[in-house]
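So the chains spell out like this:
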Amino acid sequence: MPILTEIKKQPMSFTLPVVGAFGAFAGIFVGTANGSTFLGILIGFALLAALAYVALEVLGTEREKQAKWGIIGLLVVLGVLLGGLPGLVLGGLFGWFFGWLVYWVGMGRYRAPLPPYLTGGQVLWHYSFRVLCGAIFVFLITPILVVMPLSFNAEDFFTFTPEMLRFDPEGYSLKHYRDFFTSSEWQQALRNSVIIAPVATLLSVSFGTLAAIGLSSEHVPFRRAIMAILISPMIVPLIISAAGMYFFYSRIGLQGTFAGVILAHAALGIPFVIITVTATLVGFDRSLTRASANLGADPVRTFFKIQMPLILPGVISGGLFAFITSFDEVVIVLFVGSANQQTLPWQMFTGLREQISPTILAVATILVAISIALLTTVELLRRRSEKMRGLSPG
Amino acid sequence: MNLTKTLMASTALTVAATGAFAGSHADMADSMTLVSWGGAYQSSQQKAYVEPYLEMNEGVSATWDESSAEAVAKLRAMNEAGNVTWDLVDVVASDAIRLCDEGLAMEIDHDDVLAPAPDGTDASDDFGDLIVSDCFIPQIVYSTTFGYRTDLVPEGVEAPNDICDVFDLETYPGKRALEKRPINNMEWALLCDGVAKEDVYDVLETEEGQDQALAKLDTIKDDVIWWSAGADTPQLLADGEIFMGSTYNGRLFSVIEEQDQPVGMMWDAQVFDLDGWIVPADLPEDRLARVMDFLKFATDTQRLADQAKYISYGPARESSAPLVSTHAELGIEMAPHMPTDPNNAQNTFLYNYEFWADYRDDIDAKFQAWLAQN
Chain A
1 MPILTEIKKQ PMSFTLPVVG AFGAFAGIFV GTANGSTFLG ILIGFALLAA LAYVALEVLG
61 TEREKQAKWG IIGLLVVLGV LLGGLPGLVL GGLFGWFFGW LVYWVGMGRY RAPLPPYLTG
121 GQVLWHYSFR VLCGAIFVFL ITPILVVMPL SFNAEDFFTF TPEMLRFDPE GYSLKHYRDF
181 FTSSEWQQAL RNSVIIAPVA TLLSVSFGTL AAIGLSSEHV PFRRAIMAIL ISPMIVPLII
241 SAAGMYFFYS RIGLQGTFAG VILAHAALGI PFVIITVTAT LVGFDRSLTR ASANLGADPV
301 RTFFKIQMPL ILPGVISGGL FAFITSFDEV VIVLFVGSAN QQTLPWQMFT GLREQISPTI
361 LAVATILVAI SIALLTTVEL LRRRSEKMRG LSPG
Chain B
1 MNLTKTLMAS TALTVAATGA FAGSHADMAD SMTLVSWGGA YQSSQQKAYV EPYLEMNEGV
61 SATWDESSAE AVAKLRAMNE AGNVTWDLVD VVASDAIRLC DEGLAMEIDH DDVLAPAPDG
121 TDASDDFGDL IVSDCFIPQI VYSTTFGYRT DLVPEGVEAP NDICDVFDLE TYPGKRALEK
181 RPINNMEWAL LCDGVAKEDV YDVLETEEGQ DQALAKLDTI KDDVIWWSAG ADTPQLLADG
241 EIFMGSTYNG RLFSVIEEQD QPVGMMWDAQ VFDLDGWIVP ADLPEDRLAR VMDFLKFATD
301 TQRLADQAKY ISYGPARESS APLVSTHAEL GIEMAPHMPT DPNNAQNTFL YNYEFWADYR
361 DDIDAKFQAW LAQN
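Going line by line, the protein sequences match chains A and B.
Taking the UniProt record's numbering, the leading residue of the first sequence gets 1, the next gets one more, and so forth.
Taking the UniProt record's numbering, the leading residue of the second sequence gets 1, the next gets one more, and so forth.
Mixed in with the good hints, there may be bad ones.
[Stated by the list, open to error] The list that follows gives simulated cross-link-like pairs (lysine-lysine, DSSO-like), each with its CA atoms no further than 27 Å apart:
(1) Lys9/A to Lys65/A
(2) Lys175/A to Lys309/B
(3) Lys47/B to Lys309/B
(4) Lys366/B to Lys197/B
(5) Lys221/B to Lys296/B
(6) Lys47/B to Lys175/A
[As the list claims (entries may be wrong)] On the chain B side, residues computed to face chain A include the following (Cβ under 7 Å):
(7) Gly59
(8) Ala81
(9) Asp239
(10) Trp267
[To be verified] Here chain B is said to cover these stretches of chain A; the calculated rule only asks that three of the stretch's residues, wherever they fall, bring their Cβ under 8 Å from a Cβ of chain B:
(11) 66 to 78
(12) 151 to 159
(13) 243 to 256
(14) 334 to 341
By construction, these hints were calculated from the structure, which means they are not laboratory data.
Cβ coordinates follow ideal geometry from the N, Cα and C atoms, glycine included.
Construct all of the structure, not just a fragment, from the sequences and the given hints.
Written out as structure tokens, the structure reads:
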């Protein structure tokens with residue numbers, strides 16, 4: 001029998017300050033946007049505490065629906081007064097949240113999913129832990145999300161124009177996307193990236209997989225030292241590798257060539273492949289290769305028929321990392337490449353420094369979309385193969 | 001009548017034939033790497049002389065490298081690695097002087113290499129004082145000046161038209177954007193602290209003078225946003241983050257006329273500076289021949305005047321000035337937007353190359369230390 005946690009109405013001396021604190025927190029942002037942070041905090045606190053009192057003491061749970069709609073309505077009106085159309089949307093969202101919060105806190109519902117024996121501190125930690133995780137998530141994602149609407153800006157600046165905030169179609173345009181697809185510089189950069197990244201990935205995957213397999217067999221001497229050297233491009237600061245490669249490649253005639261950039265990127269990608277493949281090799285049963293040899297298969301056939309299919313997930317994810325490394329890389333290519341090998345990140349880097357043009361945001365949005373598509377595909381493939389091999393139920 | 005026509009046609013043919021011949025000349029490399037600043041400036045070069053040149057010379061290609069900002073460091077590295085991949089580098093005059101002193105840029109006989117003016121004046125006379133170094137081939141005169149938000153000018157107050165309005169926080173409240181280096185800022189500060197224009201550099205030579213300039217800058221320090229890339233101030237102005245800010249006049253032209261932002265121009269005490277080409281030292285024969293052929297074309301009177309169709313920087317040749325016409329897309333007269341236009345150039349500075357070559361390191365250190373204080 002599940003343990004039922006008792007839910008009871010909390011005293012006003014608890015509810016009002018807690019709900020008020022949330023209001024004060026929201027008030028910081030609203031207040032700052034309207035000129036006075038301090039006033040925002042005070043008003044936020046007072047408003048939410050008053051709303052909580054009215055909702056819980058005057059209206060109570062019987063008229064909960066009306067109370068919640070009332071709060072939404074009030075905040076929508078406030079939002080429109082302070083910020084027009086965007087204020088309406090924000091006010092609605094705030095109202096919905098606070099309506100829920102008032103009853104959630106005031107009626108003690110927050111205890112419902114928790115065991116009854118937890119102390120107040122433990123309950124507080126339970127929820128603050130979730131809020132912290134959420135905050136980390138928000139901080140990671142928001143910068144990427146902000147870029148997307150800005151890339152549809154009708155002006156040539158990184159600015160949310162008043163037209164955009166009013167959701168006026170005039171404020172939006174696809175011109176930065178058109179710029180990307182019609183400018184020969186960006187198209188050249190795209191072509192270069194599309195040549196360099198896959199070839200570098202192919203090289204990293206082949207060499208990295210071979211190295212990982214070799215290094216996982218016991219009879220290779222100095223395994224740890226070799227491993228450390230191969231992994232070093234990941235650990236040595238990029239700028240050091242880049243400067244070293246620049247002078248070395250210049251002397252042997254590789255600087256400023258596609259071959260040079262591809263080799264440099266392959267060297268950066270190899271550690272990722274080695275690490276992921278080594279990790280999958282740990283679970284690989286060596287007796288399978290012996291069995292295969294016993295049945296008359298030569299080592300090459302054994303590798304492609306037996307070993308490769310089993311370590312494929314590691315190879316693919318290593319390859320994916322190698323691809324992203326090459327595709328995102330700007331430091332090495334600035335040194336090893338020359339004007340003919342300008343890649344997308346190079347173009348974005350110089351564009352951002354010399355000309356703050358939203359074309360960069362359009363490119364960023366496209367790249368984010370591609371990355372999401374790529375990762376989703378890989379994840380779906382992985383699930384499918386696991387299902388087919390019966391590794392995971394369902 | 002018929003004779004003239006035939007004559008003209010045959011001349012045209014000969015010219016075309018020599019042009020074609022020059023294009024397929026075996027001694028010339030068929031590709032060039034040009035280094036410039038990117039953005040609107042580079043595209044003005046592309047349209048004014050690179051595209052016409054490539055049309056005349058079939059089979060030749062040009063690649064841009066947007067590395068002018070770190071041209072000195074990169075050329076040093078290339079030289080050290082023995083692998084100079086650049087053929088022609090666009091730099092500001094002070095960088096050209098440095099590169100020339102270090103032997104990284106090639107010394108040039110301007111009269112020999114460059115085309116004379118249409119009236120036969122030698123190139124060196126046509127460029128005049130703007131040839132500030134033996135390695136430097138000037139292209140444009142640009143200026144660092146101020147733009148301000150017209151909608152943020154307080155009511156009942158005249159729009160700022162004096163450099164000292166930058167320091168007047170009472171009449172013109174709001175943030176200012178200044179470049180994160182002492183050059184220009186120190187001169188402006190002294191000028192607005194009662195130092196006569198002709199004495200500015202004498203005062204700035206002394207410790208007390210430098211302190212005086214920093215003390216003046218101190219009065220607005222809390223309201224200054226420091227920029228380091230030319231695109232920063234236009235972005236800040238468009239955002240309404242600042243009331244006024246300094247940047248290159250071409251960037252402000254683009255904000256005002258092309259982007260249609262509520263921004264006004266304040267030309268008072270603008271500082272002229274030069275931008276031009278240098279040829280890296282010790283290029284291989286064939287590449288050098290190609291670059292020189294291009295350079296002669298790209299810096300002739302008409303080409304420099306054409307560049308002003310795309311960007312509001314003044315052509316460096318005296319003979320180009322009368323040929324400056326209208327903007328290629330907007331169709332407005334470009335002359336009134338040139339920093340060198342008499343109306344705009346009533347009170348100007350010229351970047352003092354000698355002074356800053358001697359004092360830059362000291363004053364830079366002092367300025368950075370001052371920036372770090374609260």
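We went through each hint and held it up to the structure:
For the given pair, Lys9/A sits about 17 Å from Lys65/A by alpha-carbon distance, which is consistent with the 27 Å threshold. In summary, the hint linking Lys175/A to Lys309/B is supported, as the alpha carbons are separated by about 23 Å, within the 27 Å threshold. Proposed proximity of Lys47/B and Lys309/B is supported: the alpha carbons are some 9 Å apart, at most 27 Å. Distance hint between Lys366/B and Lys197/B is fulfilled; the C-alpha atoms sit about 22 Å from each other, no more than 27 Å.
Taking the CA atoms of Lys221/B and Lys296/B, the gap is about 47 Å. The hint is violated against a cut of 27 Å. At roughly 21 Å between alpha-carbon atoms, Lys47/B and Lys175/A fall within 27 Å of each other, so this suggested pair holds. The restraint placing Gly59/B at the interface with chain A is violated, with a minimum CB-CB distance near 17 Å, outside the 7 Å limit. Evaluation of the Ala81/B hint against chain A yields a held restraint, the C-beta minimum of about 4 Å falling below 7 Å.
At its closest, the beta carbon of Asp239/B sits 5 Å from a beta carbon of chain A; the interface hint therefore holds under the 7 Å criterion. Using the Cβ-Cβ criterion of 7 Å, the hint placing Trp267/B at the interface with chain A is not satisfied: the shortest such distance is roughly 23 Å. Note: the segment 66 to 78 of chain A has 0 residues with beta-carbon separation from chain B under 8 Å; the three-residue rule is not met and the coverage is violated. For a cut-off of 8 Å, the count of residues in the segment 151 to 159 of chain A with a CB near a CB of chain B stands at 5, and the three-residue condition holds.
For a cut-off of 8 Å, the count of residues in the segment 243 to 256 of chain A with a CB near a CB of chain B stands at 6, and the three-residue condition holds. For the segment 334 to 341 of chain A, the assignment as covered by chain B holds, since 3 residues bring a beta-carbon within under 8 Å of that chain's beta-carbons and 3 suffice.
Checked against the numbered hints above, the structure violates hints 5, 7, 10, 11; every other hint is satisfied.
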